[in-house]
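Now for the letters of each chain:
There are 2 protein chains.
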Amino acid sequence: MTNTGEALGEFEAIAEFFAPLAGKGAPAFELTDDAAVYTPPPGQALVLTKDAMVEGVHFLPADPPDLIARKLLRVNLSDLAAMGADAVGYLQATAVRPADAASWLKAFARGLAEDQAIFGCRLWGGDTTSTPGPITLSLTAIGLTPPGAELRRNGARVGDLIAVTGTIGDGALGLLAQRGELPGLGAEELAYLKGRYLLPQPRLAVGRCLRGLAHAALDVSDGLVADMAHICETSKLAARLRVADIPLSPAARAVIKRDPRRLADIFKGDDYELLFTIPPAKAAELGAIAAKTGVPITLIGEVVEGSAVRLFNADGSAFDAAGLGFTHF
Amino acid sequence: MTNTGEALGEFEAIAEFFAPLAGKGAPAFELTDDAAVYTPPPGQALVLTKDAMVEGVHFLPADPPDLIARKLLRVNLSDLAAMGADAVGYLQATAVRPADAASWLKAFARGLAEDQAIFGCRLWGGDTTSTPGPITLSLTAIGLTPPGAELRRNGARVGDLIAVTGTIGDGALGLLAQRGELPGLGAEELAYLKGRYLLPQPRLAVGRCLRGLAHAALDVSDGLVADMAHICETSKLAARLRVADIPLSPAARAVIKRDPRRLADIFKGDDYELLFTIPPAKAAELGAIAAKTGVPITLIGEVVEGSAVRLFNADGSAFDAAGLGFTHF
Chain A
10 MTNTGEALGE FEAIAEFFAP LAGKGAPAFE LTDDAAVYTP PPGQALVLTK DAMVEGVHFL
70 PADPPDLIAR KLLRVNLSDL AAMGADAVGY LQATAVRPAD AASWLKAFAR GLAEDQAIFG
130 CRLWGGDTTS TPGPITLSLT AIGLTPPGAE LRRNGARVGD LIAVTGTIGD GALGLLAQRG
190 ELPGLGAEEL AYLKGRYLLP QPRLAVGRCL RGLAHAALDV SDGLVADMAH ICETSKLAAR
250 LRVADIPLSP AARAVIKRDP RRLADIFKGD DYELLFTIPP AKAAELGAIA AKTGVPITLI
310 GEVVEGSAVR LFNADGSAFD AAGLGFTHF
Chain B
10 MTNTGEALGE FEAIAEFFAP LAGKGAPAFE LTDDAAVYTP PPGQALVLTK DAMVEGVHFL
70 PADPPDLIAR KLLRVNLSDL AAMGADAVGY LQATAVRPAD AASWLKAFAR GLAEDQAIFG
130 CRLWGGDTTS TPGPITLSLT AIGLTPPGAE LRRNGARVGD LIAVTGTIGD GALGLLAQRG
190 ELPGLGAEEL AYLKGRYLLP QPRLAVGRCL RGLAHAALDV SDGLVADMAH ICETSKLAAR
250 LRVADIPLSP AARAVIKRDP RRLADIFKGD DYELLFTIPP AKAAELGAIA AKTGVPITLI
310 GEVVEGSAVR LFNADGSAFD AAGLGFTHF
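These protein sequences, in sequence, are chains A and B.
So the number in this note's numbering is just where the residue sits in the first sequence, counting from 1, plus 9.
So the number in this note's numbering is just where the residue sits in the second sequence, counting from 1, plus 9.
These are calculated hints, taken from the structure and not from any lab test.
These figures come from a predicted structure and were not determined experimentally.
Hints are supplied without guarantee of correctness; some may be wrong.
Put simply, identical chains are the same to the list, so a pair is met inside one copy or across any two.
Derived lysine-lysine pairs resembling DSBU-like cross-links, with alpha carbons at most 35 Å apart [stated by the list, open to error]:
(1) Lys277 <-> Lys115
(2) Lys291 <-> Lys33
(3) Lys115 <-> Lys245
With the hints as extra help, turn the sequences into a complete structure.
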């Protein structure tokens with residue numbers, strides 16, 4: 010833990026806002042040392058990921074700092090979920106403007122406190138610095154899996170069924186809602202979509218259940234088709250997706266009913282749902298996993314020979330992506 | 010590994026510049042998965058640290074990207090050195106302006122490649138995103154120590170001698186040199202100081218040798234006195250430092266000879282030397298460590314009862330810090 014940039018009283022911010030998130034003792038010793046020391050449980054592998062968020066690029070200047078903190082943590086936890094890992098700790102770096110650093114960091118740390126209690130992980134360290142520019146954040150999340158149990162992208166096999174958790178498109182539509190670009194939509198739908206944009210749900214419980222079941226998995230951040238393409242590329246196979254089966258929330262359905270061209274937006278990512286492939290013989294277990302975790306799981310396609318992602322209508326005809334105004338994901 | 014911000018061709022940048030730094034297989038699978046998977050050697054503890062750097066705050070816009078990359082990695086490795094750890098891997102997040110992202114990231118990755126070969130660690134993942142504002146970087150370094158062997162800040166004891174590696178003040182004076190604020194200094198001295206500012210030397214080899222010898226340690230980033238105060242605070246003791254014994258490079262001596270008030274600058278930090286306390290009975294071993302590692306080690310004071318850092322002249326009288334224009338570190 011090094012503290013740089015004199016202007017903001019980082020030492021005070023760290024002691025007051027962040028040290029309580031670290032707690033006494035190892036790994037992070039209330040952030041009083043240069044680094045954290047973590048002794049993993051015997052026989053476990055560590056899973057590590059790091060994502061950044063930039064004001065104006067990944068969040069809006071008006072988004073509440075506590076929700077930004079929770080989203081930052083959650084998008085990283087979503088990567089752990091995609092690997093089938095359990096979260097144990099995280100390190101964060103914040104670059105904030107000196108003028109409102111104290112109030113911003115206070116709210117930011119409050120958000121982290123809420124979510125680390127929910128997800129069972131602790132702050133292990135980081136850096137708080139000043140910037141003249143947009144608020145820029147990054148977080149490194151650390152998880153555990155039994156060795157060899159991690160879910161990879163490259164294991165899909167021909168004949169696998171393709172499944173997805175939750176609903177798709179809410180994050181991208183929620184950003185439009187937050188920007189005021191969905192006029193006329195009901196207040197309830199707007200609130201739901203904004204909530205999905207601000208606070209994704211990392212599917213850690215589902216990821217854990219998929220160890221030993223899923224052949225390939227990732228979390229949907231770039232967009233359903235783009236991320237399916239990542240699985241196809243690394244697995245050297247193709248995918249067929251049934252557009253009518255892609256799970257949509259009532260709010261997303263209401264948006265698309267008002268303007269059918271909004272269907273294009275559901276492919277824009279920021280979903281943080283798990284997309285995975287599973288052999289047909291194991292698909293029967295998905296119902297029990299959905300029941301156990303409270304997260305809907307929907308079959309939306311299958312893995313085939315080839316090298317592309319193709320979209321189909323319910324009747325088996327090719328889906329006209331160009332007609333939606335997009336030909337390239 | 011999630012890739013956000015469409016404008017810069019991150020997928021191409023990752024595949025071309027960063028995947029070779031990760032290599033095939035675990036932990037990072039050429040950056041094709043959501044996270045890295047690392048199985049630590051049995052019986053080892055992990056040491057984790059994360060530091061950020063912001064253009065205009067921690068580096069100058071004209072600093073070469075490959076040297077910025079190496080400094081970013083090295084300031085984190087310096088934190089590992091301070092804990093007595095060996096480096097094994099790192100994750101990085103870069104937020105760069107789309108206009109020059111490709112050329113900037115190419116040079117940045119070249120710098121990482123050079124240094125990961127020197128320090129024996131590999132890229133485990135990260136995030137490449139766009140920003141409209143200053144280039145903002147962060148890096149998480151992961152190291153290993155035998156459990157319980159890590160060096161902490163809180164272990165200093167009364168009677169310990171205080172030692173420091175290398176020379177102090179070159180980083181802060183090098184920043185002045187880089188800004189053109191040391192007119193009249195010789196070309197050789199300028200080049201030396203600029204090099205020390207741009208490319209700190211993480212003292213990993215010394216840190217490893219200090220396991221089981223040093224009672225307390227950290228790396229000097231905030232400034233010699235400020236960092237000594239961190240050891241004093243966590244150890245609940247005081248320190249006496251002999252200003253005349255603080256090791257200075259010939260270039261730093263030349264600067265101070267020209268303008269004695271520049272002595273104040275040597276306390277401004279960015280040194281990335283190890284500052285540690287060691288019982289007098291063990292101090293005889295420091296000569297062998299210096300010889301083995303090629304890094305000078307200098308005794309500069311001792312740990313006493315109390316709660317402050319006090320500076321003294323060679324004759325034992327109190328050093329007049331206020332006369333240098335600073336009373337508060």
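Give the relationship of Lys115 and Lys245 under a CA distance limit of 35 Å: within one copy only, between copies only, both, or neither. between (47 Å within a copy, 28 Å between copies)
Same-copy or cross-copy closeness of Lys277 to Lys115 [CA-CA at most 35 Å]: both (32 Å within a copy, 28 Å between copies)
One pair to classify: Lys291 and Lys33, alpha carbons no more than 35 Å apart. Within, between, both, or neither? between (44 Å within a copy, 30 Å between copies)
Of the numbered hints listed earlier, not one is contradicted by the structure.
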